[in-house]
Structure formats: structure tokens, C-alpha cells
Amino acid sequence: SQTIHQWPATLVQPVGSPLSLECTVEGTSNPNLYWYRQAAGRGLQLLFYSVGIGQISSEVPQNLSASRPQDRQFILSSKKLLLSDSGFYLCAWIGDWNTGELFFGEGSRLTVL
Amino acid sequence: AQSVAQPEDQVNVAEGNPLTVKCTYSVSGNPYLFWYVQYPNRGLQFLLKYITGDNLVKGSYGFEAEFNKSQTSFHLKKPSALVSDSALYFCAVRAPGTYKYIFGTGTRLKVLA
Chain A
1 SQTIHQWPAT
11 LVQPVGSPLS
21 LECTVEGTSN
31 PNLYWYRQAA
41 GRGLQLLFYS
51 VGIGQISSEV
61 PQNLSASRPQ
71 DRQFILSSKK
81 LLLSDSGFYL
91 CAWIGDWNTG
101 ELFFGEGSRL
111 TVL
Chain B
114 AQSVAQPEDQ
124 VNVAEGNPLT
134 VKCTYSVSGN
144 PYLFWYVQYP
154 NRGLQFLLKY
164 ITGDNLVKGS
174 YGFEAEFNKS
184 QTSFHLKKPS
194 ALVSDSALYF
204 CAVRAPGTYK
214 YIFGTGTRLK
224 VLA
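Protein sequence lines, in the order shown, are assigned to chains A and B. In this text, residue positions in the first sequence follow my numbering: the first is 1, and each later residue adds one. In this text, residue positions in the second sequence follow my numbering: the first is 114, and each later residue adds one.
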């Protein structure tokens with residue numbers, strides 16, 4: 001069966017420090033992968049999605065970036081964190097593209113101080 | 114552009130009573146519609162979806178939703194609420210031929226014992 005892993009689960013970082021959040025999917029190949037951010041426990045904002053290795057689409061201009069170095073790995077990065085980057089980051093993948101729903105990881109909570 | 118609206122920030126219902134969580138959408142073409150539930154500090158869990166076919170869709174944990182094309186709505190319902198249904202509920206839409214899943218701002222459901 002397919003599973004999705006995110007780490008770290010919790011992260012506290014100072015302003016101006018770098019960031020790397022990792023997402024890995026198991027049990028499938030060539031998934032479509034997504035990064036969402038949830039601020040203050042409410043709505044989800046689509047940040048990036050990827051349909052294949054090295055193919056990244058950015059939805060919101062900001063100081064975050066994403067990379068997909070391997071088929072089932074999706075990384076969210078920043079060179080210098082801002083206070084406003086705090087939030088709950090969720091990775092998701094799609095199973096059946098024609099009809100399918102997204103499956104989410106357990107999330108990474110980032111606090112920038 | 115596609116969008117989703119969840120007009121209620123919070124819905125309170127007594128245990129055993131029916132519940133409705135509202136969702137309206139705007140999308141070109143025939144939409145793919147989804148409901149998710151989120152418990153504190155967890156990822157989103159898929160509840161149900163509408164792709165095509167019968168307007169009444171049944172999902173997990175006794176939830177169902179009705180697709181109404183003329184009203185562009187996809188309200189989530191359950192005949193008898195449980196205290197354990199208390200959580201944050203998200204409606205989402207994807208337009209055919211696109212990769213983006215757009216989520217509403219979420220509705221907090223509180224079921225009172």
C-alpha cells in the first residue's frame with residue numbers, strides 16, 4: 001500500500017535561518033506531489049506542485065522553493081526564513097489522476113521566532 | 114479561476130442531531146469535488162468525492178454529500194452527529210484538465226454532548 005512521510009514533524013527556527021522539509025511517498029511511482037501551507041489552523045494555501053522529476057510549478061511568489069530530486073521525493077526549502085513562514089506544512093500526493101483524491105502526510109509544524 | 118467557499122466558520126450541533134456543513138464552488142466545466150476532515154495537528158483525511166454520476170455521494174464514517182449543479186453546491190451531511198465528529202472540515206475542488214486542488218477556508222464542527 002502507498003504511504004507518505006513528512007519530516008521533521010516539528011521545527012523551531014530563528015528568523016533568517018535556512019529550511020528544509022522533506023516528503024517521501026512509498027508504494028507508487030511517478031506521483032503528482034503537492035506542498036500546502038496551513039496558517040493558524042485554517043485554510044490551505046497551495047504553494048507548489050510537481051508532475052515529475054525536476055518539474056515544479058509555483059503558485060505563490062515568496063521566499064520558499066521546492067525541488068524534486070527523485071521520483072518520490074519532494075523538498076520544500078528556504079534560504080532565509082521570515083516570521084510569516086510559520087505554519088503547518090502539508091505534503092500530498094495523488095493516487096488515481098483521472099478521478100482521484102489527494103492523500104496527505106501528517107504535516108510539519110514550523111515555528112519561526 | 115476556480116474557487117471554493119465555506120460560508121460558516123463554525124457549526125454547532127447537538128449529538129444525535131443531523132448536521133450540514135456548507136460548500137459552494139466556482140469552476141469552469143464539470144468539477145471534481147471533495148470533502149476532507151482534519152483533527153488537531155494531523156494531516157487531512159479524505160471523506161468522499163464527487164466526480165460524476167449520482168448526485169448523492171456516500172463516504173466514510175456515515176457522511177454523505179449532495180452535488181447540486183444549479184446551485185453550485187456540495188454540502189456535507191450526516192443524519193446523526195457524534196461527539197467524535199468534532200473536527201475541521203474542508204471542501205475542495207479541482208477543475209478537469211488542471212492539476213490544482215483548491216481548498217475552502219474550513220468549517221469547524223462542534224458536536225455537543
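Among the hints, a few may not be true.
[What the hints assert, rightly or not] Derived pair list, reagent style SDA-like, types lysine to any residue, alpha-carbon separation capped at 25 Å:
#1 Lys213(B) - Ser78(A)
#2 Lys162(B) - Ser20(A)
#3 Lys190(B) - Pro69(A)
#4 Lys213(B) - Ile53(A)
#5 Lys213(B) - Ser17(A)
#6 Lys213(B) - Leu113(A)
#7 Lys213(B) - Val15(A)
#8 Lys213(B) - Ser86(A)
#9 Lys213(B) - Pro14(A)
#10 Lys213(B) - Gly16(A)
#11 Lys213(B) - Gly43(A)
#12 Lys223(B) - Glu106(A)
#13 Lys213(B) - Val12(A)
#14 Lys182(B) - Asn30(A)
#15 Lys190(B) - Asn30(A)
#16 Lys182(B) - Val196(B)
#17 Lys213(B) - Gln70(A)
#18 Lys213(B) - Gln13(A)
#19 Lys171(B) - Trp97(A)
#20 Lys213(B) - Asn30(A)
Bear in mind the hints are in silico, worked out from the structure with no lab data behind them.
Hint check:
Proposed proximity of Lys213(B) and Ser78(A) is supported: the alpha carbons are some 23 Å apart, at most 25 Å. For the proposed pair Lys162(B) and Ser20(A), the alpha carbon gap of about 33 Å is over 25 Å, so the pair is violated. At most 25 Å may separate the alpha-carbon atoms for a hinted pair to count; Lys190(B) and Pro69(A) exceed this at roughly 42 Å. Simply put, Lys213(B) and Ile53(A) have alpha-carbon atoms about 18 Å apart, close enough for the 25 Å limit, and the pair holds.
Note on Lys213(B) and Ser17(A): the hinted pairing is violated, with a Cα-Cα distance of about 30 Å set against a maximum of 25 Å. For the proposed pair Lys213(B) and Leu113(A), the alpha carbon gap of about 31 Å is over 25 Å, so the pair is violated. This hinted pair does not check out: Lys213(B) and Val15(A) have alpha carbons roughly 30 Å apart, beyond 25 Å. Distance hint between Lys213(B) and Ser86(A) is fulfilled; the C-alpha atoms sit about 23 Å from each other, no more than 25 Å.
Between Lys213(B) and Pro14(A) the CA atoms are separated by roughly 32 Å; this puts the pair beyond 25 Å, and the hint is violated. For the hint pairing Lys213(B) with Gly16(A), the CA-to-CA distance comes to about 30 Å; that exceeds 25 Å, so the pair is violated. Between Lys213(B) and Gly43(A), the direct Cα distance comes to roughly 15 Å. Compliance with the 25 Å bound is thereby established for this hinted pair. Between Lys223(B) and Glu106(A) the CA atoms are separated by roughly 22 Å; this keeps the pair inside 25 Å, and the hint holds.
Under the criterion of a C-alpha separation no larger than 25 Å, the hint pairing Lys213(B) with Val12(A) is inconsistent with the structure, at around 30 Å. For the hint linking Lys182(B) to Asn30(A), the alpha-carbon distance of about 33 Å lies beyond 25 Å, and the restraint is violated. For the hint linking Lys190(B) to Asn30(A), the alpha-carbon distance of about 35 Å lies beyond 25 Å, and the restraint is violated. Of the pairs offered as hints, the one joining Lys182(B) and Val196(B) is violated, with about 31 Å between alpha carbons and a cut-off of 25 Å exceeded.
With a C-alpha separation of about 21 Å, the suggested pair Lys213(B) and Gln70(A) falls inside the 25 Å cut-off, and the hint holds. Pair hint Lys213(B) plus Gln13(A) does not hold up; C-alpha atoms about 30 Å apart against a cutoff of 25 Å. A C-alpha spacing of about 21 Å is found between Lys171(B) and Trp97(A), which places the hinted pair at or below 25 Å, so the restraint holds. With a C-alpha separation of about 17 Å, the suggested pairing of Lys213(B) with Asn30(A) holds against the 25 Å cut-off.
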